[in-house]
Amino acid sequence: MGSRGAWVAMAVLLGGLPLVFDSVLSLGILNQMLIAVLFALSYNTLLGQGGLLSFGHAVYFGLGGYVAAHAMRLSELGSLSLPLVLLPLAGAAGGLLAALLLGSVSTRRGGTAFTMISLGLGELLAASALILVAFFGGEAGISADRTAGPPLLGVSFARETQVYYHAAVWVFLGALCLAAFRQTPAGRLAMAVRDNPLRAQCLGCNAARVRLLCLLVAGTCAGLAGALFAIHNEIITAQALGTANAGQVLLMCFLGGTGYFLGPVIGAVLLTLCTALLSGWTTLSTLYLGLLFVGCVMFLPGGLSHLLVQLHARWRRGMLAALALPLARCALPSAALLLSGVLLLELAAREGEALHVMGLALQAETVWSWLGLTALASVATLLLRRELPALQAAWQGSDAQGNRQVGP
Amino acid sequence: MADALLFATLNGLVTGLLLFMLASGVTLIFSMMGVLNFAHASFYMLGAYFAFSLSQLLGFWPALLLAPLLTGVLGALVERYGLRQVHRHGPVAELVFTFGLAFVIEELVQLFWGRATQDFRVPALLDFPLFTLFGQDFPAWRAFMLLLSLGIFAGLYAGLTRTRYGLILRAAITHPQTVANLGHNVPRIFMLAFGVGTGLAGLAGVIAGPVLGTWPGMAASLGSLVFVIVVIGGLGSLTGAFVAALLIGLLQSWAIASSVGMADVLALLGLSFPPEHPLRDLWRLTLPQVAPLLPYLLLVLMLLLRPAGLAGTRED
Numbered sequence: 006m007g008s009r010g011a012w013v014a015m016a017v018l019l020g021g022l023p024l025v026f027d028s029v030l031s032l033g034i035l036n037q038m039l040i041a042v043l044f045a046l047s048y049n050t051l052l053g054q055g056g057l058l059s060f061g062h063a064v065y066f067g068l069g070g071y072v073a074a075h076a077m078r079l080s081e082l083g084s085l086s087l088p089l090v091l092l093p094l095a096g097a098a099g100g101l102l103a104a105l106l107l108g109s110v111s112t113r114r115g116g117t118a119f120t121m122i123s124l125g126l127g128e129l130l131a132a133s134a135l136i137l138v139a140f141f142g143g144e145a146g147i148s149a150d151r152t153a154g155p156p157l158l159g160v161s162f163a164r165e166t167q168v169y170y171h172a173a174v175w176v177f178l179g180a181l182c183l184a185a186f187r188q189t190p191a192g193r194l195a196m197a198v199r200d201n202p203l204r205a206q207c208l209g210c211n212a213a214r215v216r217l218l219c220l221l222v223a224g225t226c227a228g229l230a231g232a233l234f235a236i237h238n239e240i241i242t243a244q245a246l247g248t249a250n251a252g253q254v255l256l257m258c259f260l261g262g263t264g265y266f267l268g269p270v271i272g273a274v275l276l277t278l279c280t281a282l283l284s285g286w287t288t289l290s291t292l293y294l295g296l297l298f299v300g301c302v303m304f305l306p307g308g309l310s311h312l313l314v315q316l317h318a319r320w321r322r323g324m325l326a327a328l329a330l331p332l333a334r335c336a337l338p339s340a341a342l343l344l345s346g347v348l349l350l351e352l353a354a355r356e357g358e359a360l361h362v363m364g365l366a367l368q369a370e371t372v373w374s375w376l377g378l379t380a381l382a383s384v385a386t387l388l389l390r391r392e393l394p395a396l397q398a399a400w401q402g403s404d405a406q407g408n409r410q411v412g413p
Numbered sequence: 105m106a107d108a109l110l111f112a113t114l115n116g117l118v119t120g121l122l123l124f125m126l127a128s129g130v131t132l133i134f135s136m137m138g139v140l141n142f143a144h145a146s147f148y149m150l151g152a153y154f155a156f157s158l159s160q161l162l163g164f165w166p167a168l169l170l171a172p173l174l175t176g177v178l179g180a181l182v183e184r185y186g187l188r189q190v191h192r193h194g195p196v197a198e199l200v201f202t203f204g205l206a207f208v209i210e211e212l213v214q215l216f217w218g219r220a221t222q223d224f225r226v227p228a229l230l231d232f233p234l235f236t237l238f239g240q241d242f243p244a245w246r247a248f249m250l251l252l253s254l255g256i257f258a259g260l261y262a263g264l265t266r267t268r269y270g271l272i273l274r275a276a277i278t279h280p281q282t283v284a285n286l287g288h289n290v291p292r293i294f295m296l297a298f299g300v301g302t303g304l305a306g307l308a309g310v311i312a313g314p315v316l317g318t319w320p321g322m323a324a325s326l327g328s329l330v331f332v333i334v335v336i337g338g339l340g341s342l343t344g345a346f347v348a349a350l351l352i353g354l355l356q357s358w359a360i361a362s363s364v365g366m367a368d369v370l371a372l373l374g375l376s377f378p379p380e381h382p383l384r385d386l387w388r389l390t391l392p393q394v395a396p397l398l399p400y401l402l403l404v405l406m407l408l409l410r411p412a413g414l415a416g417t418r419e420d
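So the sequences go chain by chain: A and B. Each residue of the first sequence is one higher than the last, beginning at 6 in this note's numbering. Each residue of the second sequence is one higher than the last, beginning at 105 in this note's numbering.
One chain only, chain A, in its complex shape (with noise of 0.2 Å):
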């Protein structure tokens, strides 16, 4: 298999980011990304591995930070001599506990009964974190410090590049255990319960159990996640409890992929970068995320993931070379319209200042660079219906000796 391998470049790819990115800015994008990263796979332990969508998964992130942050905040006053590394087990364990309490009466049921409850649930903890001040902090939060605590071998945490190999070991460990999760009997048992509840109880398996069980795993990890995010930020916000940070994990996971382990990995991944990145330059940022996310879900449904892989078997296959030229030929008109789109968005946002582009000045109050890029999008989007069916049939030619499946 190479997992072992696998595993092993993983951890030297975590030991040697920040020897390349060494900036307090992406030492602090590569942290984000890690936390992401975690988030994301706890919740394709339950999305991916047992067929249980949640609106909810961010309770359990946004209670293990919480956790964590009075941890901290306790380590600050001088009440708790907890070093900071022990930190995210306490955020674990706020995750446990509350996976324990809510899903004791979520994972009754699994299918849109699931759904509806965990989106009830998160909107119960979120209002209520409002309104429950002391534990909660109001809109202001928890604030904490995290160098306060006892300094473990002469570390204190007080520079980014120590919090983020913290992050790293954690996160590394995190996904350890979701994916030795996938191999044990009970983590494949959730499998045959997602992909049929009824047999797998007629085989005598405990459905209701097995949903629980993953809900706790998924949650254990969630507030490892949230911990980590606690000690990054130093603060924890009920923000980090609502429905926009579920919806978010919902996104990464779409993106990437739930089918395959590494999915969500990816779609973390490239979301993080993302909304770093377009934030610098753009204040559309969650549009855009929007509309990626529903282009995926329409056009996409494996995930980039599972697109990866066809692409794999295709290559094994040498059917990578019929794919060329169709692919060439929609490569223009795709990036015409994308280029336009874009653009369109971007100048319904701007009042007044001209939109610079390629030495162009493009004027929101004038008719013609609306037309013009109008008449751009329109020109790409007839050029793209003409070249996208002689893909779509490459794409499934080449698959002719493969599994039969759904094509981008």
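Hints are computed from structural coordinates only; laboratory data are not their basis. Where a beta carbon is used, it is the ideal one built from N, C-alpha and C, also for glycine. Any given hint might turn out to be false.
[To be verified] Cβ pair distances, simulated, as ranges:
| no. | chain 1 | residue 1 | chain 2 | residue 2 | range |
| --- | --- | --- | --- | --- | --- |
| 1 | B | Ala-262 | A | Ser-148 | 57 to 67 Å |
| 2 | B | Gln-240 | A | Ser-383 | 54 to 64 Å |
| 3 | A | Val-362 | B | Ala-258 | 52 to 62 Å |
Start from chain A and add chain B according to the hints.
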């Protein structure tokens, strides 16, 4: 006390009927396609924004007619070119698609109309207090909302049970194959029903926009509530949704109008807690404070005690 109760009841009825206008569409769409439309409240928001822009151009009354139509057409297009495409990928993908759509619509609304609350006002014709009781005004607009939503409920009920189209639709929900074999275009029926559902949501937005505020968060503020109603009422049951919507509207309205708090309960029991107790927030809770939580508590209770909902027969 009596006056507060009366007004709370009236306001609760208005909210409940408004929620029903949204919940009826969600229920209808769920019965048809087995998908919970997360973006339904976004169409409600679009209705309000369309009506706001149209009323500046044409005046309020044409906007009241045109905005829901526009929303309905948009909804039908979403079904035709979006949801139908995703249907092949299974129910989870459909749910997630509508979730993403809600997200996109909210962002688009912010792009075109901005983040601020729009100055969408009650038309002058109905901007007067209908009656004054115990020194409190009841606005005519709320009465109009009440009447309109009651009319919609009656119309929807009659349309579904008494007309030919309603019969075909109901048959298509339970026996799509048979209806298709009888020569009806089932996908088109579903598309039209989706359009009607989203149009109703748009209408709810038009009449709610002036009182509840026309702002980008208006979809999110009602969206999850609508789901609570649909689940409490029983997935797929229109009557259940009606009862649940009224229940939640009244419950919230009564809770907000009341002044009971934990402190009173504790005083009644003769208990008291030190003010610096770690759980101090719990002892100070008041009913108006927890009013937004009540629907979700009710949902959790409902799913624990009677998972099929008030009137639902559908077990997962």
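(message) Against the range 54 to 64 Å, how does the distance between the Cβ atoms of Gln-240 (chain B) and Ser-383 (chain A) compare: consistent or not?
(response) Holds - the Cβ-Cβ distance for Gln-240 (chain B) and Ser-383 (chain A), about 57 Å, lies within 54 to 64 Å.
(request) For the range 52 to 62 Å, tell me whether the beta carbons of Val-362 (chain A) and Ala-258 (chain B) fit it or not. (result) holds (55 Å)
(request) Go ahead and decide if the range 57 to 67 Å is satisfied by the Cβ distance of Ala-262 (chain B) to Ser-148 (chain A). (result) holds (58 Å)
In this structure, every one of the numbered hints holds.
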